[in-house]
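Construct all of the structure, not just a fragment, from the sequences and the given hints.
Chains H and Y, in that order, are what the protein sequence lines are.
Numbering-wise (this note's numbering), the first sequence opens with residue 1 and increments by one.
Numbering-wise (this note's numbering), the second sequence opens with residue 1 and increments by one.
No wet-lab data here; the hints were simulated from the structure.
Note that the coordinates shown come from a computational prediction; the quantities given were computed from them, not determined experimentally.
One should not assume that every hint holds.
Think about it this way: if two alpha-carbon atoms lie no more than 27 Å apart in a straight line, the pair counts; the simulated DSS-like pairs of lysine-lysine are [said to hold, decoys possible]:
{"id": "1", "chain 1": "H", "residue 1": "86", "chain 2": "H", "residue 2": "607"}
{"id": "2", "chain 1": "Y", "residue 1": "85", "chain 2": "H", "residue 2": "704"}
{"id": "3", "chain 1": "Y", "residue 1": "4", "chain 2": "Y", "residue 2": "85"}
{"id": "4", "chain 1": "H", "residue 1": "704", "chain 2": "Y", "residue 2": "8"}
{"id": "5", "chain 1": "H", "residue 1": "72", "chain 2": "H", "residue 2": "86"}
{"id": "6", "chain 1": "H", "residue 1": "105", "chain 2": "H", "residue 2": "607"}
{"id": "7", "chain 1": "Y", "residue 1": "54", "chain 2": "Y", "residue 2": "8"}
{"id": "8", "chain 1": "H", "residue 1": "72", "chain 2": "H", "residue 2": "607"}
{"id": "9", "chain 1": "H", "residue 1": "58", "chain 2": "Y", "residue 2": "85"}
{"id": "10", "chain 1": "H", "residue 1": "493", "chain 2": "H", "residue 2": "449"}
{"id": "11", "chain 1": "H", "residue 1": "676", "chain 2": "H", "residue 2": "86"}
{"id": "12", "chain 1": "H", "residue 1": "704", "chain 2": "Y", "residue 2": "108"}
{"id": "13", "chain 1": "Y", "residue 1": "108", "chain 2": "H", "residue 2": "58"}
{"id": "14", "chain 1": "Y", "residue 1": "54", "chain 2": "Y", "residue 2": "108"}
{"id": "15", "chain 1": "H", "residue 1": "704", "chain 2": "H", "residue 2": "72"}
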Amino acid sequence: MSDITLSAGVRQNLLSLQKTADLMATTQNRLATGKKVNSALDNPSNFFTAASLQARSKDLSSLLDSMSNGIKTLEAADNGLTAITKTVESMQSTLRQARQDKSFKTETFEVSDATKLSFLGGADIDVSDLGSIATPGVAASLSTSGAPYTGPAAATSASTVIDFHANMTGQTINVAGTDVDLTGAADAEAVATAISTALGLTGDPETDAFTVVGDNVEGTITITTTATGSSVAAPAVDLGGAAATAASVTFTFDPDRFGGTMDIDGQTVNIAGNVDDFVTALQGQLGDDYTVSNDGNDITVTSNTPGAGNITVGGLPGAEGAKVNIDIDDIAALVVANDLDIGGNAIDLTGAATLQDVVDAINGESGTTGYTAAIGEDGTSIDLTSVATGSAVTAAAVTGTGVNTVTSANGLDAIALDSDVAGADGASISSQTAGTTPTHEFTVAYGNKTANISVVGGTESEIVDSINAQLADAGIAVTASIEDGVLSLTADKAEAKVLAISGPDAAAVFGADTMAQGSLDVYSSNAKNTVDRFVEVINNTEGLAGKIRASNDNGKLRIENLSTQELSVTVDNNGDGTSITSKDIGGNEVRAGLVAQFNELRDTLDKLADDASFNGINLLRGDNLRLTFNETGTSTIDIRTADGKAVNAANLGIDSVAAQDFDSDETIDGFLNTLKEGLDNLRSQASAFGSNLSIVQNRTEFTKSMMNTLQTGADALVLADSNEEAANMLALQTRQQLSSTALSLASQADQAVLRLF
Amino acid sequence: MALKVELKPGERFILGTCVITNDNQRTRLYIEGSAPILREKDILTPETADSPAKRIYLAVQMMYLMGEDENRREIYFELINDILKAAPSTYPYIDRINNQILTGSFYKALREARALITYEEELLAHAQLGGAGLRQDRPADGEPA
Chain H
1 MSDITLSAGV RQNLLSLQKT ADLMATTQNR LATGKKVNSA LDNPSNFFTA ASLQARSKDL
61 SSLLDSMSNG IKTLEAADNG LTAITKTVES MQSTLRQARQ DKSFKTETFE VSDATKLSFL
121 GGADIDVSDL GSIATPGVAA SLSTSGAPYT GPAAATSAST VIDFHANMTG QTINVAGTDV
181 DLTGAADAEA VATAISTALG LTGDPETDAF TVVGDNVEGT ITITTTATGS SVAAPAVDLG
241 GAAATAASVT FTFDPDRFGG TMDIDGQTVN IAGNVDDFVT ALQGQLGDDY TVSNDGNDIT
301 VTSNTPGAGN ITVGGLPGAE GAKVNIDIDD IAALVVANDL DIGGNAIDLT GAATLQDVVD
361 AINGESGTTG YTAAIGEDGT SIDLTSVATG SAVTAAAVTG TGVNTVTSAN GLDAIALDSD
421 VAGADGASIS SQTAGTTPTH EFTVAYGNKT ANISVVGGTE SEIVDSINAQ LADAGIAVTA
481 SIEDGVLSLT ADKAEAKVLA ISGPDAAAVF GADTMAQGSL DVYSSNAKNT VDRFVEVINN
541 TEGLAGKIRA SNDNGKLRIE NLSTQELSVT VDNNGDGTSI TSKDIGGNEV RAGLVAQFNE
601 LRDTLDKLAD DASFNGINLL RGDNLRLTFN ETGTSTIDIR TADGKAVNAA NLGIDSVAAQ
661 DFDSDETIDG FLNTLKEGLD NLRSQASAFG SNLSIVQNRT EFTKSMMNTL QTGADALVLA
721 DSNEEAANML ALQTRQQLSS TALSLASQAD QAVLRLF
Chain Y
1 MALKVELKPG ERFILGTCVI TNDNQRTRLY IEGSAPILRE KDILTPETAD SPAKRIYLAV
61 QMMYLMGEDE NRREIYFELI NDILKAAPST YPYIDRINNQ ILTGSFYKAL REARALITYE
121 EELLAHAQLG GAGLRQDRPA DGEPA
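Pasting the structure below:
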C-alpha cells in the first residue's frame with residue numbers, strides 16, 4: 001500500500017484550506033441570515049442579548065396592538081359624538097321653526113246682544129247685560145247686631161255723701177273750699193240749704209258747680225258735681241268740729257312689769273317681748289278696728305270707728321309692794337341668837353329648825369311687820385314682800401345673825417292710762433265717689449293700618465263723628481255711620497282688603513262677626529258695540545287668555561285658536577237654548593307636525609349613541625377603556641365619559657315633547673335652552689375625548705420607534721470593541737456637526753427657554 | 001411633596017418656560033407642581049452639546065422642557081440609531097433612557113442620559129490612548145492581532 005505521506009508544507013496548506021472552507025461556510029451562512037451572531041456558539045452573550053431584545057420587541061408590538069385598538073375606539077366615539085351633535089342642532093332648528101310659525105286657525109261668528117258663547121264646555125260668556133262693571137267689588141263692612149247701638153253709658157258726676165248728726169248744728173264745716181256755718185241747721189235738709197247758700201248755688205245747672213240735696217228720712221246730705229266724667233273728683237268736705245271722733249288710750253309699756261295678758265274693749269290680748277314686738281302683736285290681735293302706734297314706750301291705741309264711747313283697758317299692772325330678798329348663813333345660829341328683825345319688828349324664831357320654819361314664823365308676824373315671806377326661787381333665800389303696795393312703801397331693813405340682804409326694792413305704783421280720750425258722736429262722710437266716663441274700646445284694622453278707637457257716651461252724631469275723627473287720624477279709609485240704631489264701619493272703596501275689629505269691647509259691641517273681606521271690581525268694559533264687548537270679555541277672561549284670541553272682523557267675531565289642539569265653540573244664538581250650534585276650530589297643524597319631527601330626531605339620537613362601539617367597548621355608553629403603555633403595566637390611562645354616564649337624550653336633559661308643549665312660545669324657548677345646554681355638554685365631552693386621543697397617539701408613535709430601535713440594535717450587535725467603538729464615536733461626532741439633525745435640534749432649542757441661557 | 005432647590009448666589013434654573021436667576025444670597029426654594037424644573041448644572045445648550053451622547057441628552061431635555069412632539073421624537077430616534085450603530089455597547093444605556101421616556105418620567109430619562117454621557121467619555125478615552133496598547137480582537141478570527 002502506498003502510504004500517503006504528506007509533507008509538512010502540504011499538511012500545512014491542507015489545514016489552511018480546511019480553515020478557509022470553514023470560514024467560507026460561516027460567512028455564507030452569515031450572509032444568508034444577515035446577522036453577525038447566528039447561534040449561541042458564535043458569541044453567547046450577544047446572542048442572548050439579541051434574543052431578549054427580540055422578545056421585548058414582541059411584547060411591545062402586542063402593546064402596540066392594544067393601543068391602536070384604543071385609538072379606533074376613541075375614533076368611533078368621536079364619530080358618534082359628531083353625529084349626535086348634528087342631530088341636536090337639527091332639533092334646535094325644528095324648535096326654531098315651530099317658534100316662528102304662527103299659522104293658527106280661526107273661525108268667524110255672527111253674534112248679537114243675546115248670544116251666549118262657551119268654549120270647551122266651559123262657562124257661558126254673555127254680554128247682554130254688561131254694564132260698566134261685570135262683577136262689582138265689595139267694600140268691606142262690619143255692623144253691630146242685636147239691640148240698637150247707643151254707645152256707652154253717659155258719664156257720671158262725682159258726689160260726696162254726709163251722714164247727718166245733731167252735732168253738726170252750730171258747727172262750721174268746709175265744703176269745696178267754702179266755709180259753711182251750720183248755726184240753726186237742725187236736720188239734713190237744713191244743712192243742705194245752708195251749704196247751698198254758702199256755695200251760692202242758684203239751682204240752675206248751667207251755672208252751679210254743685211247740687212246739694214238733704215234727705216231727712218235717710219239722714220244724709222248729698223253734694224253732687226254738675227260736671228261729669230272721670231276727671232271730676234268728689235267734692236272735698238272737711239267736717240271740722242262736726243265730725244265724729246274716735247276714742248283712744250295711751251299708756252307706758254314696761255316689759256318688766258306687764259304680765260301675760262291685757263284686756264282692751266273686752267278683747268284679751270297677749271303681751272310679749274319688747275315694745276316693738278308688743279305693738280306689732282297688739283295691732284295684729286286687735287285687727288282693723290283699732291290703730292296701734294307707739295312713740296318709744298308710749299303706746300297709743302285709737303279706735304277706727306268714730307263715735308261716742310271709751311276704750312276700756314284692763315289688766316294693766318297693779319301696784320306692788322316692797323320686796324326684800326335675804327339669805328341666812330346658818331339657820332341654827334340665827335335660831336340660837338333669835339335676833340331676826342324686819343323693819344324694827346323682831347321675829348321669834350324659837351323652835352325653828354328649817355328655812356320653812358323661818359318663813360312660817362315671819363308670816364305669823366306679818367300683821368306686825370307688814371311683810372309676808374316665801375322661800376325664794378333658789379330654795380335657800382327668803383323673799384319678803386310687803387303687804388302694803390305703792391311707791392311710798394320703802395323696803396324694810398332686815399337684820400340678824402348671818403342674815404344678808406341680797407336685794408331690796410321699794411314698792412311700785414300701779415300702771416295707769418296716761419290718757420283716756422272718749423270718742424264723740426258726729427257727722428261723717430259716708431262715701432265719696434269720683435265721676436266716671438264709660439267708654440267702648442276696640443281696635444279697627446283695615447289693610448295694614450290699625451287704630452285704637454275709644455267711644456264715649458253721647459248722641460248718635462257725636463259718636464259717629466268721634467269714631468270717624470279717630471279713623472282719619474290713623475289714616476284708615478273706613479267710615480262709621482249709625483242708621484236705625486245699627487253702627488256700621490264701611491270701607492270707602494271696594495278693594496281686596498280685610499276689615500277686622502278686635503279689642504276689649506269688640507265682641508260686646510259688634511257681636512261674633514268681627515272680620516269682613518272686601519274685593520275689587522272684577523271687570524269693566526267700555527265698549528258699546530256688541531262684538532267689541534265680546535272681544536274684550538274673551539280677551540280678558542283669565543281661563544282663556546293664551547288659548548284663544550278674539551278680534552273684530554268687520555262686524556263679526558273672529559276667534560283664533562292659539563293651540564295645537566282642537567277647540568270646540570258652542571254658540572247659543574238666542575241666549576235661551578233654542579238654537580245652539582257647535583263649531584270646531586282646528587289646531588295648529590304645522591306645529592303639531594314639528595312635534596313629531598322633534599321626537600323622531602330624539603330617538604335617532606339615542607340610537608347613534610348605542611352604535612358607537614368598537615371591539616366591544618362603547619365609550620358613549622359609559623364603558624371604561626384602559627390602555628397600558630409599558631410591558632409591566634405600571635403606566636396606564638383610563639378613558640371614560642364624565643361620571644361614567646352614557647351620552648343619550650335623557651342624560652342631556654332632552655325629553656320627548658307632546659303636541660301641547662308647542663302651544664306657547666315660552667315653552668318652546670325653554671326647550672331651546674335645554675338643547676343649548678345639551679350641546680355644551682356634548683362639546684366638552686368631545687374635547688375630553690380629543691385630548692385623550694392625542695395622548696394615546698403620541699405614546700403609540702413612541703412605542704413604534706422604540707421597537708424599530710430594538711430591532712436595529714438586535715441586528716447590529718457586535719462584540720464590544722472599545723477601540724473600534726471609540727473610533728466610530730469620534731467619526732459620528734464629526735459627522736453630526738455637519739448633519740441636519742443637529743441643525744434642527746439647535747433651531748428647536750432656540751424657540752425654547754434655552755435661548756435665555 | 002415639594003422639591004427643594006438650594007441656589008447659590010447668581011445661580012440660575014429653568015422653571016417651565018422661565019429662567020429664574022438668584023440674587024447674591026444663598027436661597028432655598030420649595031417648588032410644587034408639574035412644570036419642568038432644571039438646575040443650571042443639568043442644562044445643556046446646543047453650543048455645549050458637542051458629542052453624540054450629549055446631543056441625546058439635549059434631545060431628551062427638549063422633550064422634557066417642551067413636551068413630546070413628532071419632530072423631537074424623530075430627531076431623538078435618529079440620534080439613538082446613530083449611536084447604536086457606532087457603539088452597540090451603549091445599548092443598555094439607551095434601553096434605560098427609552099424606558100423612562102415611555103413611562104413619561106422625563107427627569108429620570110435625563111439621569112440615564114447623563115449616565116450615557118459618562119460612559120461615552122470612557123469610550124473616547126480609549127481612543128485617546130491611541131494604538132499603544134493591545135487591541136482587543138475578535139476570537140472568531142483566530143488570527144493574532
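These are the hints, each one checked on the structure:
Our distance criterion of 27 Å between C-alpha atoms is met by residue 86 (chain H) and residue 607 (chain H), whose separation comes to about 14 Å. This hinted pair checks out: residue 85 (chain Y) and residue 704 (chain H) have alpha carbons roughly 19 Å apart, not beyond 27 Å. The straight-line distance between the Cα atoms of residue 4 (chain Y) and residue 85 (chain Y) is roughly 40 Å, outside the 27 Å bound, and the hint therefore fails. Proposed proximity of residue 704 (chain H) and residue 8 (chain Y) is contradicted: the alpha carbons are some 43 Å apart, above 27 Å.
Using a Cα cut-off of 27 Å, the hinted pair residue 72 (chain H) and residue 86 (chain H) holds, with the two alpha carbons roughly 21 Å apart. Simply put, residue 105 (chain H) and residue 607 (chain H) have alpha-carbon atoms about 36 Å apart, too far for the 27 Å limit, and the pair is violated. Simply put, residue 54 (chain Y) and residue 8 (chain Y) have alpha-carbon atoms about 25 Å apart, close enough for the 27 Å limit, and the pair holds. Restraint check for residue 72 (chain H) and residue 607 (chain H): the C-alpha separation of about 20 Å stays at or below 27 Å, so the hint holds.
A C-alpha spacing of about 22 Å is found between residue 58 (chain H) and residue 85 (chain Y), which places the hinted pair at or below 27 Å, so the restraint holds. Simply put, residue 493 (chain H) and residue 449 (chain H) have alpha-carbon atoms about 15 Å apart, close enough for the 27 Å limit, and the pair holds. Restraint check for residue 676 (chain H) and residue 86 (chain H): the C-alpha separation of about 12 Å stays at or below 27 Å, so the hint holds. Proposed proximity of residue 704 (chain H) and residue 108 (chain Y) is supported: the alpha carbons are some 21 Å apart, at most 27 Å.
Between residue 108 (chain Y) and residue 58 (chain H) the alpha-carbon distance is near 25 Å, which keeps this suggested pair within the 27 Å criterion. Taken as a hint, the residue 54 (chain Y) and residue 108 (chain Y) pair is honoured in the structure, with Cα atoms around 16 Å apart against an allowance of 27 Å. Proposed proximity of residue 704 (chain H) and residue 72 (chain H) is supported: the alpha carbons are some 17 Å apart, at most 27 Å.
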